[in-house]
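Taken in order, these protein sequences are the chains called A and B. At position 86 of the first sequence the residue is numbered 86 (the numbering used here), and the sequence of numbers has no breaks. At position 235 of the second sequence the residue is numbered 235 (the numbering used here), and the sequence of numbers has no breaks.
A couple of the hints might just be wrong.
Listed below are the simulated BS3-like cross-link pairs for lysine-lysine, each with C-alpha atoms no more than 27 Å apart in a straight line [what the hints assert, rightly or not]: (1) B:K164 / B:K370; (2) B:K298 / B:K432; (3) B:K370 / B:K273; (4) B:K273 / B:K409; (5) A:K454 / B:K25; (6) A:K454 / B:K164.
No wet-lab data here; the hints were simulated from the structure.
Spelled out, the chains give:
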Amino acid sequence: MSAFDLTKFYADWQIILPECFLFVWALFVLTLATLGKKDEPGRSGTFALWTILGALITAVWVGVTADGAAFGGTFVFDRLAVVFKEVVLGGVILTAISSIGTVGRLEVHRGEYYGLILLSAVGMLLMVSATELLTLYIAIELSTMGLYVLAAYHKGSRRSAEAGLKYVILGGISSAILLYGVAWLYGLTGTTNLAAIKDAVMNIYMSTGGFPPAMTLALIFVLAGFGFKLALAPFHMWAPDVYEGAPTPITAFLSVASKAAALAAFLRVFFVGLESAAMAWTQMIAALAALGMIVGNVTAIVQTNIKRMLAYSSVAQIGYILVGAVARDTWGATAISFYTMAYLFANMGAFICVIAFSERTGSDEIADYNGLAARSPVLAAFFALFLLSLTGIPPTAGFLAKYYVFLAAVNAGYLWLVIVGLLTSVIALYYYATVIRKMYFPSGETASTITVSKSLTLALVISTIGVLFFGVFPGPFVGWIQNAAQMLLAGK
Amino acid sequence: MMSGLLSWMIFLPLIGAGVIMALPKDNHRGIRAVATVAAFLPLVLAILLLAGYDPSTAAFQFQENAAWIPALNVNYHLGVDGLSVPMLALTALLCFLACLISYNITNRVKEYFAFYLLLEAGMLGVFAALDFFLFYVFWEVMLVPMYFLIGIWGGPRREYAAIKFFLYTLFGSIFMLVAILALYFTSTPHTLSITDQIARAPGMTHGFQMFAFVFFFIAFAIKIPTLPFHTWLPDAHVEAPTAVSVLLAGVLLKMGTYGLLRISLPMFPMATKYFAWPMAALGVAGIVYGAFVCMAQKDLKKLVAYSSVSHMGYCLLGIAAYGSVAALTGCMFQMVSHGLITGALFILVGVIYDRAHTREIDAYGGMWVKVPVYSGIMVLFVLGSLGLPGLSGFVSEFMVFLGAFPYFKITVAVGVVGVLLTAAYFLRMIQKMFLGTVAGQTEHLSDINAREMIAVAPLAVMMIVLGVYPALLADYIKATIVNLVKVIGA
Numbered sequence: 001m002s003a004f005d006l007t008k009f010y011a012d013w014q015i016i017l018p019e020c021f022l023f024v025w026a027l028f029v030l031t032l033a034t035l036g037k038k039d040e041p042g043r044s045g046t047f048a049l050w051t052i053l054g055a056l057i058t059a060v061w062v063g064v065t066a067d068g069a070a071f072g073g074t075f076v077f078d079r080l081a082v083v084f085k086e087v088v089l090g091g092v093i094l095t096a097i098s099s100i101g102t103v104g105r106l107e108v109h110r111g112e113y114y115g116l117i118l119l120s121a122v123g124m125l126l127m128v129s130a131t132e133l134l135t136l137y138i139a140i141e142l143s144t145m146g147l148y149v150l151a152a153y154h155k156g157s158r159r160s161a162e163a164g165l166k167y168v169i170l171g172g173i174s175s176a177i178l179l180y181g182v183a184w185l186y187g188l189t190g191t192t193n194l195a196a197i198k199d200a201v202m203n204i205y206m207s208t209g210g211f212p213p214a215m216t217l218a219l220i221f222v223l224a225g226f227g228f229k230l231a232l233a234p235f236h237m238w239a240p241d242v243y244e245g246a247p248t249p250i251t252a253f254l255s256v257a258s259k260a261a262a263l264a265a266f267l268r269v270f271f272v273g274l275e276s277a278a279m280a281w282t283q284m285i286a287a288l289a290a291l292g293m294i295v296g297n298v299t300a301i302v303q304t305n306i307k308r309m310l311a312y313s314s315v316a317q318i319g320y321i322l323v324g325a326v327a328r329d330t331w332g333a334t335a336i337s338f339y340t341m342a343y344l345f346a347n348m349g350a351f352i353c354v355i356a357f358s359e360r361t362g363s364d365e366i367a368d369y370n371g372l373a374a375r376s377p378v379l380a381a382f383f384a385l386f387l388l389s390l391t392g393i394p395p396t397a398g399f400l401a402k403y404y405v406f407l408a409a410v411n412a413g414y415l416w417l418v419i420v421g422l423l424t425s426v427i428a429l430y431y432y433a434t435v436i437r438k439m440y441f442p443s444g445e446t447a448s449t450i451t452v453s454k455s456l457t458l459a460l461v462i463s464t465i466g467v468l469f470f471g472v473f474p475g476p477f478v479g480w481i482q483n484a485a486q487m488l489l490a491g492k
Numbered sequence: 001m002m003s004g005l006l007s008w009m010i011f012l013p014l015i016g017a018g019v020i021m022a023l024p025k026d027n028h029r030g031i032r033a034v035a036t037v038a039a040f041l042p043l044v045l046a047i048l049l050l051a052g053y054d055p056s057t058a059a060f061q062f063q064e065n066a067a068w069i070p071a072l073n074v075n076y077h078l079g080v081d082g083l084s085v086p087m088l089a090l091t092a093l094l095c096f097l098a099c100l101i102s103y104n105i106t107n108r109v110k111e112y113f114a115f116y117l118l119l120e121a122g123m124l125g126v127f128a129a130l131d132f133f134l135f136y137v138f139w140e141v142m143l144v145p146m147y148f149l150i151g152i153w154g155g156p157r158r159e160y161a162a163i164k165f166f167l168y169t170l171f172g173s174i175f176m177l178v179a180i181l182a183l184y185f186t187s188t189p190h191t192l193s194i195t196d197q198i199a200r201a202p203g204m205t206h207g208f209q210m211f212a213f214v215f216f217f218i219a220f221a222i223k224i225p226t227l228p229f230h231t232w233l234p235d236a237h238v239e240a241p242t243a244v245s246v247l248l249a250g251v252l253l254k255m256g257t258y259g260l261l262r263i264s265l266p267m268f269p270m271a272t273k274y275f276a277w278p279m280a281a282l283g284v285a286g287i288v289y290g291a292f293v294c295m296a297q298k299d300l301k302k303l304v305a306y307s308s309v310s311h312m313g314y315c316l317l318g319i320a321a322y323g324s325v326a327a328l329t330g331c332m333f334q335m336v337s338h339g340l341i342t343g344a345l346f347i348l349v350g351v352i353y354d355r356a357h358t359r360e361i362d363a364y365g366g367m368w369v370k371v372p373v374y375s376g377i378m379v380l381f382v383l384g385s386l387g388l389p390g391l392s393g394f395v396s397e398f399m400v401f402l403g404a405f406p407y408f409k410i411t412v413a414v415g416v417v418g419v420l421l422t423a424a425y426f427l428r429m430i431q432k433m434f435l436g437t438v439a440g441q442t443e444h445l446s447d448i449n450a451r452e453m454i455a456v457a458p459l460a461v462m463m464i465v466l467g468v469y470p471a472l473l474a475d476y477i478k479a480t481i482v483n484l485v486k487v488i489g490a
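The whole structure should be built from the sequences, with the hints applied where relevant.
Right, dumping it as structure tokens:
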């Protein structure tokens, strides 16, 4: 690389354009927040929304016009990146819309709230595209830094403070573990580039006919690091407390957008980088997925707080998603991507319902949902739909998602895992239906009617359209994701 | 004939549900009118279907096939043969009649009819689907409205009954889903088409057939329900509002036996042969056990509910005799006949419950004096249910026994005892409630009204017509059953 190549330079920056766009505007929103005398609740929110929409359009535009790797192969914009960037940005948009009420009630630092969300979103977008382990690590850090602060955003609340503290400590530890795993991998392969790791791992296998113990150790550390980020059992201990304590829009953000980005990274690391070591990690993932589905679903039954219940339910959901990972092929990658998509709308929608309910009642207790169908028929109907989608009842997107991951796992020969998954979804139905029962079959008197704010209604409608559209007319979209998965695995 | 007839049949109720959602909550008349029309139109289409169906062939007719999710080989594939035509007609008829019965729902009317029509769409879909994915979607879609219908408008223990129904059925369905996934991946090229899977059945290994058969059977057995999976049924039937009980007994239970006939028998003939005797034993156990439990019932609705366990046993016994055209025809006949009779019985139980608010058999006496028309109709259906010659119930029981006897002599002999027991509990009920002097709640009863009459009259007519002239129904079934027996290769 002797002379400065302007075309190359331009191409590189074009590929990273959505992140740049978002980053610049995130800084702008942050500055705006400090410049204003007394923060107006609406202003930075509006800016944030336009920013994210802009990023979304940019991402689509880049997806259409540019394609390929940048910065010496550390960053790619492939079909998979498009899919997951849209999912992440979709999650960010829904979070931003549903935050309007919450931010309005904040006394200080209203503007910074959106700024931090946007910064965190930049990290997530980078995660989705990173094809080199250190870039990935930095992206993960960037995305979580903002989240640590956001989790503790209710300044006066002890629970929120506890959530922030727990999250920062466990997040720090997990990042260290991940980094340690990356170091082991580097030691074994001499590179941090995923494509190069793939070849190096293959060479190790070919020359020795197996893997050294160090390889298993590296896999365990990397997997544990991802486990923390995804709140995968048994690394999920932080999730219920953080989910309960954090402001609810942030909980939603954590459970959807941040996990979607981590899943994209998971696909790149395990389906591409560590593909040749698959036989060493498939069993581990199968065990973790089974554990997640069992622990998440069983523990969710006894929860009395809706946010904790949804926390355990998302532990289970990650278990289902990872069922797709035991099939290390196009089926698996497509299933994981589609599930993430369905999970975005259903889980986000469920949390938005929780936000709408607590905005009017101040409660997150499941018992208080008694008679919601009479107090707000629309809200109850939305909530029931999202819960049914999380259960996997057709014709919602959740059903097709579950069908797809199980299809992939059966194809890979993991029938036992599918049976565990299906049996635990019967358990899941029980606790999801408990909430539905409370809402629709009230006992005793029900309180006054509840109105849902316009912004939340908008967010709910978007989620509903997502849940139903991808459940009923998934055809073209599934084909498109499948194509993205094929390209990922073909190494393009 | 009309193209897209089956789709219209399935989606008209859905459109109706959509219209109802758009109506104001308090416009009860409007909601009822829309629901009635939305339930009536599929019945009209069902009549067109009966008229247009060519009974001389076993081939699928009125087929519609379109790609739905190409990446997964999922097709929107509908079609009917001799198994599905009678069930579609029965479903459309019962849905319309039960809709009339639903007029007395006064609480949350809008939600009720929306769920009701969604349920109808799901039921019709199950009987028309020829693609496994589509079949499963319809099969599951039904659970949600059913859950709400029992849970909101049901009796005192409705919540328990609703969740029990939901969990039981979902538990069964997941086994079916595993089997469907396995079928998909063992076929080359991968296909979810039920007809293609039947075509490749001879190539399946014995072990695979056994596995898939058992998994499907769990799902279907819960739905029928056979012993020992029947415990959801008394709860759900008793707690459900009248119209929903009618559909539960009249249509939902038949999905289990329909599934066996549509999927298990032709697709896994080796396993069917292997499991024939266990199925027959389960069937007979259901017949006898159900009848004994009926004898102990004090609640009229519970009695009718348990009589379903007993009567569905005949269907299973008929299916177990897979090699006999008579037995399988008898099974189909029993599905229709039980739908007509038990549907009517639930409506009639609802009629007196609406007036006197009790279903205790002991609370009534001498009803024939007080409400003669009601009593006459009730006794007619009870006689039909216990298998009086000349009514449809007799034809089906006779054909099942006739067909099954050569295969399972002793088992069938035990099963025949069930007929006697059925007569015993029904006659005891008639004696207590309708004969003797006017006693207890009978004082408060008024006779059956015009709307209720309209709801049961078609069922009575059908029961008598099919009892006297069975060929009317048998003609539709015959070609398909003959072909089915040939496919199994008895």
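Quick rundown of the hints versus the structure:
no., hint, verdict
1, B:K164 / B:K370, "violated, 39 Å"
2, B:K298 / B:K432, "holds, 11 Å"
3, B:K370 / B:K273, "violated, 53 Å"
4, B:K273 / B:K409, "holds, 16 Å"
5, A:K454 / B:K25, "holds, 22 Å"
6, A:K454 / B:K164, "violated, 37 Å"
Figure legend: structure checked against the earlier numbered hints; hints not met, in rising order: 1, 3, 6.
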